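S.K.: Residue strings, one per chain:
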Amino acid sequence: MFSDPANLTLANMSELLKKREISSEDLTQAFLERIEGLNPDINAYITIDRAGAITAAKEADKRLDAKQGEPLTGIPIGVKDLFCTKGILTTCASKILNNFIPPYESTVTSRLKGAGAVILGKTNMDEFAMGSSNETSHFGVVKNPWDKSRIPGGSSGGSAAAVSAGMGSATIGTDTGGSIRQPAALTGITGLKPTYGRVSRFGMIAFASSLDQAGPMTKTAEDAAILLQAMAGHDPKDATSIDAPVPDYMANLGDGLQGRKIGIPEEYFASGLSPDVARVIEDAKKQLTELGAELVPVSLPTTKHAIPTYYILAPAEASSNLARYDGIRFGYRCENPEDIRDLFFRTRAEGFGNEVKRRIMLGTYVLSSGYYDAYYLKAQKVRRLIADDFKAAFSKVDLLLAPTTPDTAFKLGEKTNDPVQMYLSDIFTINVNLAGLPAISIPCGFDKDNLPIGMQLIGRPLDESGILSAAHAYQQATQWHTRSPIL
Amino acid sequence: MPIDPNYETVIGLEVHTQLRTKSKIFCGCPNKFGAEANSQICPVCAGFPGVLPVMNREMVNMAIKTGLAINGQIKKLSVFSRKNYFYPDSPTGYQISQYDLPIVEHGELFIDLPDEPKKRIGVTRIHMEVDAGKSIHEGIVGASWVDLNRVGTPLLEIVSEPDMRSSEDAGAYLKKLRAIVRFLDVCDGNMEEGSFRCDANVSVRHYGAEKFGTRTELKNLNSIRNVMRAIDFEVDRQIDLIESGDKVVQETRLWDANKNISRSMRSKEDAHDYRYFPEPDLPPLTLEQSHIDDIKAKLPELPDAMAKRFQDEMGLSEYDAGVLTAEKEMSTYFEEANQIVSNAGKKNAKATANWVTVELLGRLNKDGLSIEDSPVSAVNLGKLVALIQTGEISGKIAKKVFAHMFDDGGDPEKIVAEKGLKQVTDSGSITAEVEKVLASHPDQVEQYRGGKTQILGFLVGKVMQATRGKANPAMVNKVLKEKLG
Numbered sequence: 115m116f117s118d119p120a121n122l123t124l125a126n127m128s129e130l131l132k133k134r135e136i137s138s139e140d141l142t143q144a145f146l147e148r149i150e151g152l153n154p155d156i157n158a159y160i161t162i163d164r165a166g167a168i169t170a171a172k173e174a175d176k177r178l179d180a181k182q183g184e185p186l187t188g189i190p191i192g193v194k195d196l197f198c199t200k201g202i203l204t205t206c207a208s209k210i211l212n213n214f215i216p217p218y219e220s221t222v223t224s225r226l227k228g229a230g231a232v233i234l235g236k237t238n239m240d241e242f243a244m245g246s247s248n249e250t251s252h253f254g255v256v257k258n259p260w261d262k263s264r265i266p267g268g269s270s271g272g273s274a275a276a277v278s279a280g281m282g283s284a285t286i287g288t289d290t291g292g293s294i295r296q297p298a299a300l301t302g303i304t305g306l307k308p309t310y311g312r313v314s315r316f317g318m319i320a321f322a323s324s325l326d327q328a329g330p331m332t333k334t335a336e337d338a339a340i341l342l343q344a345m346a347g348h349d350p351k352d353a354t355s356i357d358a359p360v361p362d363y364m365a366n367l368g369d370g371l372q373g374r375k376i377g378i379p380e381e382y383f384a385s386g387l388s389p390d391v392a393r394v395i396e397d398a399k400k401q402l403t404e405l406g407a408e409l410v411p412v413s414l415p416t417t418k419h420a421i422p423t424y425y426i427l428a429p430a431e432a433s434s435n436l437a438r439y440d441g442i443r444f445g446y447r448c449e450n451p452e453d454i455r456d457l458f459f460r461t462r463a464e465g466f467g468n469e470v471k472r473r474i475m476l477g478t479y480v481l482s483s484g485y486y487d488a489y490y491l492k493a494q495k496v497r498r499l500i501a502d503d504f505k506a507a508f509s510k511v512d513l514l515l516a517p518t519t520p521d522t523a524f525k526l527g528e529k530t531n532d533p534v535q536m537y538l539s540d541i542f543t544i545n546v547n548l549a550g551l552p553a554i555s556i557p558c559g560f561d562k563d564n565l566p567i568g569m570q571l572i573g574r575p576l577d578e579s580g581i582l583s584a585a586h587a588y589q590q591a592t593q594w595h596t597r598s599p600i601l
Numbered sequence: 037m038p039i040d041p042n043y044e045t046v047i048g049l050e051v052h053t054q055l056r057t058k059s060k061i062f063c064g065c066p067n068k069f070g071a072e073a074n075s076q077i078c079p080v081c082a083g084f085p086g087v088l089p090v091m092n093r094e095m096v097n098m099a100i101k102t103g104l105a106i107n108g109q110i111k112k113l114s115v116f117s118r119k120n121y122f123y124p125d126s127p128t129g130y131q132i133s134q135y136d137l138p139i140v141e142h143g144e145l146f147i148d149l150p151d152e153p154k155k156r157i158g159v160t161r162i163h164m165e166v167d168a169g170k171s172i173h174e175g176i177v178g179a180s181w182v183d184l185n186r187v188g189t190p191l192l193e194i195v196s197e198p199d200m201r202s203s204e205d206a207g208a209y210l211k212k213l214r215a216i217v218r219f220l221d222v223c224d225g226n227m228e229e230g231s232f233r234c235d236a237n238v239s240v241r242h243y244g245a246e247k248f249g250t251r252t253e254l255k256n257l258n259s260i261r262n263v264m265r266a267i268d269f270e271v272d273r274q275i276d277l278i279e280s281g282d283k284v285v286q287e288t289r290l291w292d293a294n295k296n297i298s299r300s301m302r303s304k305e306d307a308h309d310y311r312y313f314p315e316p317d318l319p320p321l322t323l324e325q326s327h328i329d330d331i332k333a334k335l336p337e338l339p340d341a342m343a344k345r346f347q348d349e350m351g352l353s354e355y356d357a358g359v360l361t362a363e364k365e366m367s368t369y370f371e372e373a374n375q376i377v378s379n380a381g382k383k384n385a386k387a388t389a390n391w392v393t394v395e396l397l398g399r400l401n402k403d404g405l406s407i408e409d410s411p412v413s414a415v416n417l418g419k420l421v422a423l424i425q426t427g428e429i430s431g432k433i434a435k436k437v438f439a440h441m442f443d444d445g446g447d448p449e450k451i452v453a454e455k456g457l458k459q460v461t462d463s464g465s466i467t468a469e470v471e472k473v474l475a476s477h478p479d480q481v482e483q484y485r486g487g488k489t490q491i492l493g494f495l496v497g498k499v500m501q502a503t504r505g506k507a508n509p510a511m512v513n514k515v516l517k518e519k520l521g
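Protein chains in written order, with my numbering: chain B, 115 to 601; chain E, 37 to 521.
Okay, chain E solo, but in the shape it has when bound (with noise of 0.2 Å):
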């Protein structure tokens, strides 16, 4: 939020996606990271003379998949081109990338905030281009050493319209599209590894004022809670220029996440002139109607379908489905837990999300876990649900098996047998407690039936206690009810 609320914050942001096809882009190497540096190389990814790009057609699918999914115009002619800069990481000269004539233009995708559902932001354009290796500085003196094994790593770059407008939307966008390309599986969202990268396009302006301020463009941002924290940062600096009397300078800045401040990297004067033109060694990329077609049938479902699917089909509340398809391994986990659910004949998805968002979520929270990293496998947790549904342990029961679970593993149906934790339910038992408790308890008896009828409640603990939890209460109350008549 702006601290002054005499100006709108206008935000807008790049994102680059590393695409997880099998092999990169141009040639044959595999696509794949952490191996010994230049060893996943070839003389097209070292810019070798004579040697020719070749398309990835698993990459344009990709860029066709993540087009249809923000509900973009894909468009049936592209171009390549080539962005021309010196670097010692990018051993062509030039990057070979999409300009004016990008796969994918005229986007949108929603964002879920709390007072305001279903925000719509455009997406401007989508398009391919190459990564380019990394240069190495530390650990040496008078030279810097140079990995080729990232150059080829196919990219997506989706830049975003100029329509969020706090930090808070920039962070809900970037959760939204990196739960829409992990739906897709083309790529892993990772920020700190680099695969999910996000630019912050940023200006303030006055409320009301029809003109956009002028921006600066944040790097080096590689967490989302990073990326707020930069905008967050810049939006207050842009303020105290303005109020100062100041200009904000169009200039690239740097977030020092560190320091919690952003320097400035280079300004527009300093800015490369990139001399983008056609790449002459990719004919334009030529796309059939058909082959969108069978790609946009093939599309799985995505968080916002999924979202709804699981309010309509399975009644759970808005805010529970939202938190189910956040995520893509959480929408994996919540489904195949539900199933064992549905299996053991007792449907109730509603149970099983509670166990999902509320036990499960809070005590992996609590241990600074991911979903990936539950101890609690999906099948398990639905076992210890439909031991619930079935009736075969108690509510109560069930969250000291899931403790026992989470700590120890294991199986949940096991750990009730082996720890005899199951719910008696057999009323010649039942009946055989409630009797010796009875016997046990001849001042509370004489209370009950004088009128004091709340004892009844002391009563069905004693009978718990005695069977160590397993009796199933509502047994319980209904036969002592009887024998106290």
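Chain B on its own, in the form it takes in the complex (with noise of 0.2 Å):
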């Protein structure tokens, strides 16, 4: 028995399962207890499914036992609450679903536990995952484990909190406008967004269908890798999952920088970067040149239309997706509804958060007719030039190097009201979603309050590996991942 899993690796636990020196049980055991200790005061979990992660544990430790043990199996994880898992409350964090059960599990949840992950609970989130500072949930906002005054960032909020916190030893987010790095930076955690399609969305509750991509928020590149090997792969419930073969991407770590071409985008480090960020990223570029890497610079002229062009589409496609919740099949539904209309209206008046309207109400506007080819059509395009600048610059370079946030967690409550700044928090990470590209975000280093700051590199279609080798290298030659916040 030990006291306090928070401060292994993902790997380091697998490691110490494998010999058998902990149990599955055990390290379940404390990671329950460490999230009933911390999550009244975090909010990071929204349900914690005790009673499943025991016996799932047992399960483990049975095949550990028996040496069939993969690198998942045993491990305990938290999941978004946008993830469908059968039998268990799934609520997207929305008064809509507060009470809806999945009769079905998400194709990610299925393959992690087929794995052997034990499923400690489902992760707070931004209500939808329509937020970049998990202030949006209908189950009260998380606080950020390194200052509890400010956000953990959005829309993967309770992830990224639960990681930073170690209540629980990885989490899986989802990403549609950069919900997984956003956070990640902002709670000092690695996290990865895969290529659009390399993982499948079937049972993850869609935000933007063309968008939406799910991947492993954890405290190192190599779990990250862990996690996306059992989580990649076509399927065939999900028509836009890639059918290409996964790579060994834990055989493919080690493969370092030398020689390898990063691009740094200069539209990236124009105004608006803090200079904390700013000196930060300089002393990131400094290691990883060290690490025999080739800093050019590149240019993404697009970069400037990727807000608008994502706050039109994803909108488009949210007030399409989010239709269903209309009181009639599941989920909430209001009280003596007077006539269809008035069900439809009522429940979805409800239901839904304000930022969730806005965006439907956004949705709808740009799609309706005489405004789609100014707004949706237009966009479109847009989205295809800013793909197209990404390619112009990787058939120069292997990786992009960029800050993930122009500044460290902001003050809770601080941008509620002003939708635009908080928009506006998503401007690095909302073109990768556009053009659909696999990135990751490290942490790099700390703010003058001590508050995290994390990088993203960002790969070619399909190359998780070299982002994660990437990563990878400077997570050996660097320390800034191993930070914990004082709780």
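Do not rely on the hints blindly, as some may be mistaken.
Here are the computed distance ranges between Cβ atoms for each label pair [claimed, not checked]:
#1 E/Arg93 / B/Asn212: 36 to 44 Å
#2 E/Ser75 / B/Pro415: 40 to 48 Å
#3 B/Lys510 / E/Arg93: 35 to 43 Å
Which bits of chain B does chain E cover? Going by a derived footprint, with three or more residues having C-beta under 8 Å, they are [stated by the list, open to error]:
#4 212-218
#5 319-329
#6 345-352
#7 386-399
#8 429-435
Hints in this document: simulated from the structure, not taken from any laboratory. Here the structure is a predicted model, which means the values were calculated and not measured. Note that the Cβ used here is the ideal one computed from N, Cα and C, for glycine as well.
Join these two chains into a complex; the hints should help.
M.R.: Here's what the structure looks like:
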């Protein structure tokens, strides 16, 4: 028995479990106790599945005892509350799903469970993944473990805070416009958004279907590689999942940075970047050069169009994706509806929060007859141009380096009344989603208030191996990722 | 026909055909009717959170087949879109359909009219889409029920050009289109049950006018007869409006088959803004030419080609060929019967066609039955025709046997044998009967020999009577003449 699982990486735990120095049941028990202790304050979890986790851990121990363990066997993790989990409440942090228990399992959680992972519970998030601060959750804000007066980022804020606070060995998040990388950066952890289509979206409650992608949130790039290995791959149940072989991410993890060209897109270092973030990224650039990488200036001229493009396309898809929440078949239904119109109107008025309503209205507007060409169609064309920019850059370089966020975590409530300021906090992450590329955010320093700063490495389509090995090389040479908040 | 000869009617039809795929369009649920409400559904059908549509390739192949059958262009790239609207029986709040890039464009089909054979009607497009569920309002107070069994049934929407000029055109178009989808076995074509549904766009204009008049869309037309009646009603209504100085309003009108009138359902202003956009859950559908070619090579014979074969190879009249290919079941019946006749070594497609179109159809129509319900099987009808062709029975006897088969069923060979109806062709027994008749009718024999040769018919009748119609009439004639010498 041991007291503090929070200091171990997933890879460490996997090794200890395999050697039978610890049991999954003890490990799971330790995490559950830590979660139960910290959650009333941090609020990283919406649902804690103690019974399910213990049962799964006991099963895992049997397999480990029989030497049938895989890298994830017995590893306790949390999953964002938008992955449907059979028999377990799945809310998407919305009142409109406050009673929804899915009769099916998402492909992601199904594969993770199949690989032996133990699901501790469902992590908090912005309602329907719409938000950058985890303040839109129906189940309350999540606090940043580094400074509990601050936001943890969003929308996978609960998943990020959980890893940062040691409330799980790792978690699974989703990233539509930065929802894995931005909270990872703001809580000092590693967050990987895979190539669009690398991980199945089946059973993942949709926000913007053409942008949503699930990925691991971990302490290290190595941990992310272990989780991605289990998650990635074609799924016949998702027509947009890519039918390409999944490489051995662990085998490629030690590839190093020697001779690799890293592009530095000038647009990411223009005005708006906080001095602390700029300084820290400069240090990281030096470090990467020392590791053998060659830095190459590149330009992504369409970067400035990413936010308006995203805030047309994502709400357009969301306005349609969220039409199914009508109170007829599942979820919240208003009391005593007068007629069908009243049932639709009040169920949705009462069930959705303000940010979700704002985006439904935005999306409905841009798809309306007479506005479609000016907004949606034009945004689709700009999306293509953004992807072309990246393609051109990747003809010269292997990876791109950029800050993940312009600044460190802001105060709770600071931007809740200014949606545009809130949207701008995703300025460095959104165009990666529009281009469908893989990117990882890793810790690379701290600001003057001891708040974590992240940088992202962006790769070519399906080159998760490339960004994971680069991140791993950096983490082998630095200690930023090993720091934990004092709780 | 328009009542007022100064006006020309312009009609375009939108037909929704439910495809007979084994499973639904986007999930593995069975695609079948009549099951208990909400028993044929899964989370995909019910629009649950996080589930995704997966394309049914069988449906795509049926769409390609149908497109090829109407000489359409099969698009190698087509795109699914979402049509957004709230309705309790539309679980996702949108219908997955095809919008600006459908799978088939620029098709045509030819309709047969008494005064205008092979009239061409353009088919603008065929697109794939998904059917919705059903809301049930009857039998409940203060609530409605929703049955989602039909959600996910694959549909082809077949949109014609505004090329029809009368309700007769529209009726002929629907008959031909229905025959085609049934020959292809992609749809059962049942309008009453809603597996073949039609909306009609109708307008009128003065003859010679270039611009179309304002159109209205007619819905709730659940038979070809209702389509035709609703169009005629609408044409009259529009002409009356124009003649009285009013304007036709663009609107959707519902046909009430009980009252024989239509009423306004919604005006153009109330029309939904469907906010179409490309379905992000389904990649664009791309097709290889080789795949299209494979399907083309396996296309079954279609009504027009079959009718031509019936004329060219079997010598049938254009009319008979048309009747026999108007329905798949009819053509199958005819070919099966004709095969039996051919197998008997007496090829005679014309005789078979006659028996099917005159005797069988006449009796079926009289009894209000369709060919599928025929009490006389194709095999048995073929045997009957074969019996005539081989001289086993006379045509007259055959009609008696047929009536027996129709009323009580059975194999004509057995009926003929059991009832002893086989034609007597043995000259010995015919000669014996003739001699008997001549012996008992000396007066008539005298008259005949006296030059009144028309008395022969009377004597033939007597021989036939004595043999209960079984004697071969030609032989009776011959023997009589010899004896009367």
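S.K.: None of the hints should be skipped; say for each whether it holds.
M.R.: Verification of the supplied hints:
{"no.": "1", "hint": "E/Arg93 / B/Asn212: 36 to 44 Å", "in the structure": "holds, 39 Å"}
{"no.": "2", "hint": "E/Ser75 / B/Pro415: 40 to 48 Å", "in the structure": "violated, 57 Å"}
{"no.": "3", "hint": "B/Lys510 / E/Arg93: 35 to 43 Å", "in the structure": "holds, 41 Å"}
{"no.": "4", "hint": "212-218", "in the structure": "holds (count 4)"}
{"no.": "5", "hint": "319-329", "in the structure": "holds (count 5)"}
{"no.": "6", "hint": "345-352", "in the structure": "holds (count 3)"}
{"no.": "7", "hint": "386-399", "in the structure": "violated (count 0)"}
{"no.": "8", "hint": "429-435", "in the structure": "holds (count 4)"}
In terms of the numbered hints stated before, the structure departs from hints 2 and 7, listed from lowest to highest.
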